[in-house]
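Given chain A, work out where chain B should sit, using these hints.
Residue numbers (full-length UniProt numbering), protein chains in the order written: chain A, 1 to 591; chain B, 1 to 591.
Because the hints were derived from the structure by calculation, they are not lab data.
Every residue, glycine too, gets a C-beta built ideally from N, C-alpha and C.
The calculated DSBU-like cross-link candidates involving lysine-lysine, where the alpha carbons are at most 35 Å apart (straight line), are: (1) B:498 <-> B:424; (2) A:537 <-> B:326; (3) B:213 <-> B:326; (4) B:468 <-> A:498; (5) A:326 <-> B:472; (6) A:472 <-> A:518; (7) B:110 <-> B:213; (8) A:213 <-> A:259; (9) A:518 <-> B:326; (10) B:287 <-> B:192; (11) B:472 <-> B:518; (12) A:468 <-> B:424; (13) A:424 <-> B:498; (14) A:424 <-> A:468; (15) A:518 <-> B:320; (16) B:472 <-> A:518; (17) A:320 <-> A:518; (18) B:518 <-> A:472; (19) A:472 <-> B:326; (20) B:110 <-> A:114; (21) A:468 <-> B:518; (22) B:537 <-> A:213; (23) B:468 <-> A:468; (24) A:326 <-> B:537; (25) A:537 <-> A:468; (26) B:114 <-> A:110; (27) A:269 <-> A:258.
Derived Cβ-Cβ restraints for the label pairs, each shown as a range: (28) B:550 <-> A:477: 35 to 45 Å; (29) A:114 <-> B:207: 57 to 67 Å; (30) B:439 <-> A:114: 24 to 34 Å; (31) B:470 <-> A:17: 32 to 42 Å.
There are 2 protein chains.
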Amino acid sequence: MSESLGCPPKSKWRVVGRKLCNLESWRRRVPITIWLPSYSADSLLRDIIAGVTVGLTSIPQGIAYAMVAGLPPQVGLYSSIFPGVVYAIFGSCKDVTVGPTAILAALLAKYVAKSADFAYLAAFLSGCLILLLGVLQLGFLLDFISKPVISGFTTAAALQISASQLKSLFRISGTSGGTFIEALSNFFSNIKTVHAWDTALGVGTIVSLLILKRSALKTSPMDSRCRTIFAAGWLYVVRARNALVVLVASILAFALFKKSIIPFALTGKIEGGVPHFGPPPFTTTVKNETLNFERMLQVFGPEGFVMPLVAILESIAIAKAFAGTKTVDVTQEMVAVGACNILSSFAQCMPVTGSFTRTALNHASGVVTTAGSLFKASLVLLSLTLLTEAFYFIPRATLAGIIMVAMMSIVDFSVVRKLWISSKSELAIWVLTLLVGITAGLEYGIAAGAVADALRALTAAARPDLHKQHFKIGNQECISLALVGTLGYASAEHVPRKIRALDHCSAQVFILDARHLKRLDIGVVENIISAILDLEKNQHRFLLWNFDASHQNLFETLHPGMASRFVTGPSIDQFVLSLDVDRRFSSLTVT
Amino acid sequence: MSESLGCPPKSKWRVVGRKLCNLESWRRRVPITIWLPSYSADSLLRDIIAGVTVGLTSIPQGIAYAMVAGLPPQVGLYSSIFPGVVYAIFGSCKDVTVGPTAILAALLAKYVAKSADFAYLAAFLSGCLILLLGVLQLGFLLDFISKPVISGFTTAAALQISASQLKSLFRISGTSGGTFIEALSNFFSNIKTVHAWDTALGVGTIVSLLILKRSALKTSPMDSRCRTIFAAGWLYVVRARNALVVLVASILAFALFKKSIIPFALTGKIEGGVPHFGPPPFTTTVKNETLNFERMLQVFGPEGFVMPLVAILESIAIAKAFAGTKTVDVTQEMVAVGACNILSSFAQCMPVTGSFTRTALNHASGVVTTAGSLFKASLVLLSLTLLTEAFYFIPRATLAGIIMVAMMSIVDFSVVRKLWISSKSELAIWVLTLLVGITAGLEYGIAAGAVADALRALTAAARPDLHKQHFKIGNQECISLALVGTLGYASAEHVPRKIRALDHCSAQVFILDARHLKRLDIGVVENIISAILDLEKNQHRFLLWNFDASHQNLFETLHPGMASRFVTGPSIDQFVLSLDVDRRFSSLTVT
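If we strip away everything but chain A, and leave its shape as in the complex, we get (with noise of 0.2 Å):
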C-alpha cells in the first residue's frame, strides 16, 4: 500500500487560513499563555531553585563573554536579564536558558573593536532575520547545514576563543588576535611578557573546575541520611562551580588589594544598575566618522548573516538536545529567539542565543517551565545592584579560565573517528570548516563548508542510478533504463551519457521505464531528446513507458516527433511485440 492512502491532502491555503483564525494556535505562539494558568506552588520551587542555580553561572559567564566580545562587562549581564524575560513569555522549551554565548561574542568582536554601537544593532537585525524566517517558516532551510559542518565550525569557534584567552591567561602583552592563527602566534611573539601571579590564578583556576566538575557524589538508596543530604549539598556546589571560583578569586585578589598588594588584572569598574532604554543605535562614530545605517550594513557585509544563523542553530540544537522524545516547535524557537533579539536590542544587549552549559545545567537543576529563566533574571538584575562595587576585584585571568573549561566541552575531535567511518567526503568537509574557521575566521569556515556540503550533495545528485535490466520479449532484446525520483538540472549530462552508452548493445529495443519518476528538469529533457534521436538513427527504437502527462507534454513541446514513441499500461511487453508488426519505428527513425 502507498502512502497516498491516507486522507486527501487539504489544501495549503485553507490550513494556513484555519490556523490563522483560531485561538489554539495563536496561544501556541505565547507559549506562557498555556502553562501559566495552571502553575503550581511546588513548580515554583523547583523554577526558583533552577533559576537561582542558572543565575550563580550566568553572571561570570555574562562578564566574561562581554569581554570576548570586547564590550563593557555589565552589557552581558544586561543580556542575561532581558533575553530571560522575554524567553519566559515566548519560549517552548523549559530547559533553553538564552544569553549571550562565546561564540556569538567571538563573531561579535571584529565589528566591536570599530564601535560598541554595531553589538546592539547586531542584536536588533539579527532578531529581526530570526523572527522573519520564523514567521515565513523557514526553518526547513537550516537543513542545509550539515552535522559535520556546525561540528567543525563549534570546534574551530572553541579553539579560537581558548587561545584569544591566552592574553588574559597569562597576561601577556598584544591583542586576543582575530583567528586562532593570530592568536596563537601572538601568544609566541609576547612569551616574554607572561606574569606569573595571573597564570596561576589562571591555571587554578581551569583545575579547580575540573576537579570540582568530576567530583559529584554517586548516591544510592542504601546510603545513610546524612551521606544522602551531604551528596545533594555537593551538587549544588559542583553546579555552582563557576560562582564559587570567581568568589573565591575575588575575596582573593580584595585581601590582596587591601594590603595594598595587586598582583592581577582586574575585571575594574563595572557600571551598576539598569541600562537606558532606547531604540538601537542607527548610526554611529567610527574614528571621529560618522557612519550612517547604511555604511553600518556594509560594515557586517554578507558575512554579518552568519551571527543571526548561528544565533538559530545553536538554539534549535540546544532545544533538541533536551526535548528528549518530544518534538521541537522550531517555528516557535525561532519566533522566541528573534523576539528576545529584538527586545533586548532596546535595552544595550549583545545578541544572544541558546547557551549549552547553562541549558544543561537548568535541565539538571529540575527546571519545570521557562518561569525559571525568570528567575535567573532577577538574580542577575539582583547582582547589578548590590554587587558590582564586587564584581571590581573579579580577576581576569579566572573568567579566562571559565570560558576555556567551558570551551573544552565544546571542542569535538571524536566525531573524527565518526566521520571516518561514515565517509571520508565528510571528514574532508569537517576539516575544510575547521581549517579555513581557525585561519580566515569563522564566518568564512562555515561559508566554505556550506558550499562544499551543497557540491557534493549536487554531485550526488548528479549521478543518479539508473537501474538497468536486460531482458527478452518475444524474439526481441529490450534492455529498459528506470528513471528514479528527481532528476534535476545537474544530472542533465550523467542521464543522456547513460542512454548513449546503451549504443553499444546488441539490444535493440530500449525502455524509459518513468514509472518512479518523479521530476525532470528541462535541461534533461533536451538532452534525453537529443540522445534518443541519434540512437534512433542507428536503428535502435525507443519507448517511453509510463511518463506522467506533463513529462510528456514537456517532450513533445521541445520536439513534436517524440509523441508516437509514449506508452503507458500495467505491461510492456505488448508494445514491444507489436513492434514488428506496424514498423511506426521505421518511419519515425528519419524525423
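This is chain B only, laid out in the frame that chain A set:
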C-alpha cells in the same frame, strides 16, 4: 542484469598514469597534429572560403564589441587575430570561432571604465583559470549551471547590451549605462538630444540586416544554371551582410565628408599594424593612483569569476550545438579556450571565447578544419595594415545596429512557454536570473540563479521518497520503508520524521529496507537512531534489513546497542517470524 556485469573498474590512478605515458593522448591535446598530416588541397580551398567569410563579419563585430567594452577599436581586431591562431592549433571543434563576444565585452565594461589594463589582465587570469579547470578535468562543475539560468542570463545580457547601444544608435548624450535599467533611464532622460541622421542610419542598418538575413534564395535541382549561380552568389552576399552594411555606410560617410558634411558620429582613428607584445599588465594607474596586482584583484572581486565561467559556458554550449552526434571533448575545449586567452593576453587582447554568430557562419560556409580560423585571422590582420584609414569612416550608429541585430538572435523568450510546461519553479529561476541580471548586474543575475538552483536541488534531496509497504507475515503486521539512493545531510530531518510518523500505525514491526541504499550521511544516521530508540519505547520493533557493512558499522559506532537489529538475507520473513520466539527486542527497548 545489473550494470556491474562489465569489466571490473580500473584503478583511477592507473588510468591517469597510462594516459600520461601515451603519445596518442598527448596528440589529442594538440589536435593540429592529428588533422594537419592528412590535410588536402580541397580542404584548403574550403577553409579559405569559410575563413574569409567569417573574417568579413569578424572585422565589424570586433570593432563593435571593443566599443561595447569601452576599449580602443583595434583591440577588438587583435582579439580576432591571435586567439584564432591559437585555436587553430589547440581547438578540437572545426566550426568553433573564437574571438570577442558581446556578453564578455559587456561584463568587462565596468573594469575597463577604470583602466584598459584590466581587460588584458582579465584575459590572462580567465585563461589561467579555464586552463586549470580543464587540466584538473573539473568540467563537470559546469553541470551545476542549469539551462534556465543560462537562458535567463543570456537574455538579460542581450537586453543590457541592446539597451547600451541606444546611446550610439540615436546619438544621445549621457552614458551607455551599467545595467539595462540604467541604460534605459539614460535613454529616456536624454531623449531630446536625439540626432536624426544617426537615427536614420542606425534604423536603416537594422532593417537592411533583417531583410538581407531573410533574403537567401531557395534553390532546387530543377532551377536553371543561371539561377543556381545567382543564388549561390546571393548567399555569399547574405553571409557577408555585416561587412556589406559597414561598407555602404562608410562610403556614404566618406562621400559626405569629402563635401565637408559630417552628419554621423564616426569610429575615428584606429591604430594600425600589430600590437605591442609583452606580458599582461600586473600594475595599472587609476586616477593617478598606482594599483598593484593585489589591488587589481580586489577590483575584480568575487564577481570577476563570472567572466571565465561565462567564457567556458559559451564555448562548450556552442561546441555541443555544432558537434551533432559527435561527442565534444569538454576538457580539450577548456584547454584550447584557456590557451587562447593566456597567449592572447600577451598581445593586448580582451577576453575571448566561442562566438555563436560567427561559429554558425563558419559552419554554414562549410569549414573543414580549424585552419579556417587561420585564414580568418589573416584577413583581419590584413585589414589592420591596409584599411585603418577606411575604418575611420565607419558610422557608430551602423555598428550599434549590427550589435542590436546580433542580440536579437540571442534573446530567447520562447523558453518561457517551455518552462511553464516543464515546471513553474524552473520558470521562477529563469525570471529571477533575468530580473536580477537587468537590475543589479549580469554577474549578480547568474549568481542568484545558481544559488536558487542549488537550493531547489537541495530541497528535492531533502525530501526523498521513502516507499512504504504494509504487509503481514504470520500474525505480525509489518511496515517496510525503503531507503533508496543517496540520503544526504539535507534529508536529516525528513527521513526520521517519516520514521516517527509510523508511531501511529497499527503495525508492530517496522523494517528499514536498505537494498537500494547508496549513501547515508552521519546526520541522517544519528537522527534515525534517535527515532528508532524513541519508537521502541512505545513497544515497536525495528529490523534493519540488508544494510551494507560500512553503514552498519556507522550505526554501531554511534550507538553500540543497534547491532542486534541488523539482519541480512534475501527474505525478511524468517526474521519477523523469529521475533516472537527469542523476544530479544523486548530486552532491547531499555537500552
